[in-house]
Amino acid sequence: MIPLSWFLTFSAALFCIGLFGVLARKNAVAILMGLELMLNAVNINLLAFWCYLYGKDLSALVFVAIVFVAAAAETAVGLALIISAYRARNTAVADELNLLKG
Amino acid sequence: MTIMQIIFLITASVTLFAALMVVSTRKMMHAAMWLILVLFGVTITFALLETRFFAIVQLVIYIGAIAILIIFAVMLTRRSMNADVPQVNRNWWLVMVSSLALFVGLVTVMSVWEGFFVTARTAPPGGENLVQLGTALVDPNGFVLPFEVASLVLLAAMVGAIYVAAERKEK
Amino acid sequence: MTTELLTWLVPLPPLLTFFLIPLFTHRKNGLSHWLAILGAGVSWLLSMVIFFRAASISHLSEHPLTLAVNWIPTGENWLQIGVHVDPQTAVTLFFVAWTILMIFIYSVGYHNYGQPKGDHDQKGLPPHGATVTEHGHAHKVPSVEPMYARFFAFFGLFAFGMYLLVVTDNLLTLFIGWEIMGLCSYLLIGFWYARPSARDAAVKAFLTTRVGDMFLMLGLVALYSITGTLNYQAILHNEEVLARLASAVSPVLGLSWAGLIGILIFIGAVGKSAQFPLHVWLPDAMEGPTPVSAMIHAATMVSAGVYLVARFFPLISAGWTPGEPLTAAMLVVAAIGTFTALFAATIAPAQDDIKRVLAYSTISQLGFMMAALGIGAYVAAVFHLVTHAFFKALLFLGSGSVIHGMEHGVLHTGEHIDPQDMQNMGGLRARMPLTFWTFLIGGLALSGFPVLTAGFWSKDEILSGAFNGGFVLVFVVLALAALLTAFYTGRQITLTFLGKPRTSAAEHACESRWSMTIPLCILAFFSVVLGWAGIPEKFPLLGGVIPNWFGAFVGSMAAEGAHGAEAHHSSIPLLTSLVVALGGLLLGWLVYRNTEAGAPDPLKKLGMVYVLLRRKYYFDELYHFIFIRPAMWIAEVLVYAWGDLKIIDGILHFIGNAGTWLGNFLRGAVDQPIISNGGDALASGAREAGGRLRVIQTGRVQQYMLISIVVTVLVGILLLLLASA
Numbered sequence: 251m252i253p254l255s256w257f258l259t260f261s262a263a264l265f266c267i268g269l270f271g272v273l274a275r276k277n278a279v280a281i282l283m284g285l286e287l288m289l290n291a292v293n294i295n296l297l298a299f300w301c302y303l304y305g306k307d308l309s310a311l312v313f314v315a316i317v318f319v320a321a322a323a324e325t326a327v328g329l330a331l332i333i334s335a336y337r338a339r340n341t342a343v344a345d346e347l348n349l350l351k352g
Numbered sequence: 016m017t018i019m020q021i022i023f024l025i026t027a028s029v030t031l032f033a034a035l036m037v038v039s040t041r042k043m044m045h046a047a048m049w050l051i052l053v054l055f056g057v058t059i060t061f062a063l064l065e066t067r068f069f070a071i072v073q074l075v076i077y078i079g080a081i082a083i084l085i086i087f088a089v090m091l092t093r094r095s096m097n098a099d100v101p102q103v104n105r106n107w108w109l110v111m112v113s114s115l116a117l118f119v120g121l122v123t124v125m126s127v128w129e130g131f132f133v134t135a136r137t138a139p140p141g142g143e144n145l146v147q148l149g150t151a152l153v154d155p156n157g158f159v160l161p162f163e164v165a166s167l168v169l170l171a172a173m174v175g176a177i178y179v180a181a182e183r184k185e186k
Numbered sequence: 019m020t021t022e023l024l025t026w027l028v029p030l031p032p033l034l035t036f037f038l039i040p041l042f043t044h045r046k047n048g049l050s051h052w053l054a055i056l057g058a059g060v061s062w063l064l065s066m067v068i069f070f071r072a073a074s075i076s077h078l079s080e081h082p083l084t085l086a087v088n089w090i091p092t093g094e095n096w097l098q099i100g101v102h103v104d105p106q107t108a109v110t111l112f113f114v115a116w117t118i119l120m121i122f123i124y125s126v127g128y129h130n131y132g133q134p135k136g137d138h139d140q141k142g143l144p145p146h147g148a149t150v151t152e153h154g155h156a157h158k159v160p161s162v163e164p165m166y167a168r169f170f171a172f173f174g175l176f177a178f179g180m181y182l183l184v185v186t187d188n189l190l191t192l193f194i195g196w197e198i199m200g201l202c203s204y205l206l207i208g209f210w211y212a213r214p215s216a217r218d219a220a221v222k223a224f225l226t227t228r229v230g231d232m233f234l235m236l237g238l239v240a241l242y243s244i245t246g247t248l249n250y251q252a253i254l255h256n257e258e259v260l261a262r263l264a265s266a267v268s269p270v271l272g273l274s275w276a277g278l279i280g281i282l283i284f285i286g287a288v289g290k291s292a293q294f295p296l297h298v299w300l301p302d303a304m305e306g307p308t309p310v311s312a313m314i315h316a317a318t319m320v321s322a323g324v325y326l327v328a329r330f331f332p333l334i335s336a337g338w339t340p341g342e343p344l345t346a347a348m349l350v351v352a353a354i355g356t357f358t359a360l361f362a363a364t365i366a367p368a369q370d371d372i373k374r375v376l377a378y379s380t381i382s383q384l385g386f387m388m389a390a391l392g393i394g395a396y397v398a399a400v401f402h403l404v405t406h407a408f409f410k411a412l413l414f415l416g417s418g419s420v421i422h423g424m425e426h427g428v429l430h431t432g433e434h435i436d437p438q439d440m441q442n443m444g445g446l447r448a449r450m451p452l453t454f455w456t457f458l459i460g461g462l463a464l465s466g467f468p469v470l471t472a473g474f475w476s477k478d479e480i481l482s483g484a485f486n487g488g489f490v491l492v493f494v495v496l497a498l499a500a501l502l503t504a505f506y507t508g509r510q511i512t513l514t515f516l517g518k519p520r521t522s523a524a525e526h527a528c529e530s531r532w533s534m535t536i537p538l539c540i541l542a543f544f545s546v547v548l549g550w551a552g553i554p555e556k557f558p559l560l561g562g563v564i565p566n567w568f569g570a571f572v573g574s575m576a577a578e579g580a581h582g583a584e585a586h587h588s589s590i591p592l593l594t595s596l597v598v599a600l601g602g603l604l605l606g607w608l609v610y611r612n613t614e615a616g617a618p619d620p621l622k623k624l625g626m627v628y629v630l631l632r633r634k635y636y637f638d639e640l641y642h643f644i645f646i647r648p649a650m651w652i653a654e655v656l657v658y659a660w661g662d663l664k665i666i667d668g669i670l671h672f673i674g675n676a677g678t679w680l681g682n683f684l685r686g687a688v689d690q691p692i693i694s695n696g697g698d699a700l701a702s703g704a705r706e707a708g709g710r711l712r713v714i715q716t717g718r719v720q721q722y723m724l725i726s727i728v729v730t731v732l733v734g735i736l737l738l739l740l741a742s743a
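Residue numbers (this note's numbering), protein chains in the order written: chain A, 251 to 352; chain B, 16 to 186; chain C, 19 to 743.
Read the hints as simulated data drawn from the structure, not as lab findings. Hints are not guaranteed to be accurate.
Said to hold, decoys possible - Simulated restraints, written as ranges between beta carbons of each label pair:
1. Leu739/C / Val174/B: 43 to 53 Å
2. Val112/B / Gly661/C: 50 to 60 Å
3. Leu656/C / Val146/B: 38 to 48 Å
4. Asp436/C / Ile21/B: 49 to 59 Å
5. Phe683/C / Asn106/B: 17 to 27 Å
6. Leu303/A / Gly132/C: 57 to 67 Å
7. Asn88/C / Val100/B: 44 to 54 Å
8. Val100/B / Ala701/C: 36 to 46 Å
9. Ala741/C / Arg337/A: 47 to 57 Å
10. Val100/B / Ser522/C: 50 to 60 Å
11. Val239/C / Ile22/B: 27 to 37 Å
12. Ala653/C / Asp307/A: 48 to 58 Å
Keep in mind that this is a model prediction, so the values were computed, not measured. C-beta atoms are modelled at their ideal positions from N, C-alpha and C, and glycine is treated no differently.
All chains should be built: construct the whole structure from the sequences, respecting the hints.
See below:
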């Protein structure tokens, strides 16, 4: 059998790679992709804990379903924002979207 | 090593490699393709975790919908960035160091916990019980509130996305 | 490994190549095609092993090999996915594997592998030729296809779809394979997407077949909601379920559920197999590269429709015993099939494009198969399906070779002529001997040249099935269609290969390379010998010399008597097929043997009829008028200008105005006096604080997150140190 640790390590690695993508990439779409990696890692984690420790409990599964919903919502809104920013300012580079600057 | 372990190792290494490609390749289109490979890997991982339903859902939602949306976004914004210039910002080394530190930290913290090396599973062998899950999602004593809130979030996201992305006519 | 496990593996290698080529090898043309051929080859090998193992199992049709696993959870039940090998699967696998492998190999030559890059070639257009300087003078040679690797990747996906459709054990997976092929058909017809005609043809093919797919899906849903399963074995080989379906009355036209579902499934096949009235996409699909025409529109994808109807033959014929009146579904299948066979055969002689003639002949031959299924001659239909796949793939690949030779001539002479127009050819027999002989064999098989060719045996079986079953009208119409088939085949061979070259490009045509001619030879071999596997026992002289292996093997699938020809053999259909085949070929040769360059087509003497045939009965124009224009009108006028702008916008504006009014009211009564004034005090405080903090606000979201991560890590390390200390 596969020990729980393998899944957890795998998801931690995926999470950190995604984090790198989110923090280091310039292109906003690439940042979103990194975010997807992180969400996937979270899901693996949740399901791994469910599978090994809380098999009788449904909360993990509900949580995963809600992460799915959140991911879908986040992608839809994120991409809409990117496209509208691209249309307004002709760029999808996160660095150049700095209107928030004080 | 059992076959399952070998399958897991292959899946994990392919997925992690593909994930690295997602965050490092210069062409956004290629990154999107690698992302699809990652999502496939995660699907297999779900299947290894006895959750066949979520494996299917992962396939349908992530690969079927989200990946396609991302590809559309890449295509719609493709002229915004030259693929020849570096695709990462100036702080990337700091990001890499802190990501690595986070990874090491996570594994170290987890390895001192005795549950880390569990191999026995408690999940029902045939996969999750969908009937129970479905009932629980709409059960007032169960998860009906989070479920409804999630639906609202999704609705709001949909409306918001349409609103934000819609082309407004100049008045 | 067991046969069942091997069957699971059959569709996978092409799928793997579909992923590997775009991901890793797309820059290397040679590596890409070797990978693709290797994938197709492994599938071929597995298919052959399965075919021969299946052929050696007795009573395979009663106890097919199946292996299924749970796939999609549906609450308390599971949708299963699995494989299913019975005689029909085995013979289909046989011809699919052979034709797919041959077409893969052929494509290497067709796309000019190894030739230099073109001078002005660009992606999305066919290669235009390259200039090569040799010994001091320049001449033009064919150039390599610019999207070479992409082509093989698409082909891999297509092969996956087809194999999946063949080996699967349930209608849902079949539908998935079916749709994958629809997608690939779209991608491959529009392969040269920079040509507007190719784009239009791709969209047309996709949308037309989609009409059929919609009905197939309705049939699928109806079947599932009534029987609760989509597994073949559980529906089609279960007397009780079939009887229930045949006796229950559906809400549509008083048909039984079996009849309704059968007709819905048949409409799906009408779209895929290009039967009347959804046939319009197939001739236009010839815009794609020739291997695509051969693979999709001759050998595999269009066969899928016939395969599906043959697979559901027990459902369509539920409640029918030979000799009784046909069921409603069978009547529909027979009527559409027979009509299409004749209808398409009349259009073909008036076409000049070498591939279009073959396209109409494909529609017509598929009509033959449908007609055979409709009158209950199941074995004859499957037999014709197999032989047709071989000789039609052969003809298409042969025509591709001809076009290739002509293109070479065009490049050499610099003439501006259409290399696909048969009026520009002639006399290619001497220039391209191998192509000529193989094309001749294919053409003879198509027209049903007696005894020697496979087409004769299968077509004869359909005709005798119709005659002995007592369907005189079907018999007469099919015989007429067979006569026309022989006629246009004779015309095609005569115009293309015989006589004298009518253009100088035809004079300078040259034989294609071995990677194109070897598949031709192999397919020609099967176009001849395959017929010998199904010689009816009652056939004069030859009957019984070779055992009727095909009839025995596949015949066990159908109920007793579904191969009517066996019961009582009459010599009338045999004489008819002899007369129509030889007479048609002779007529085609006589009319066209003396065609001069620039002379009008002898058929033009028919006047209006010729114009009508030439314009394909004006079906494209009719559909444009009935469907496309109204659809545009609905979209632009009804939905957009009227519904969208007036009704929906009107409602929205009303809601918007009401909202504005409410907002104004709230603003005046609540917002301004209470919240705003209270908020101002807060705001000025916050502004002061903000002014001091603005220094660290760079506006870069990523930097904020980075700071928070770094802090988190540092605090984590600190805590860890504290805990361990």
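Exercise. List in ascending order the numbers of the hints, as given earlier, that are violated by the structure.
Key: Number 5 only.
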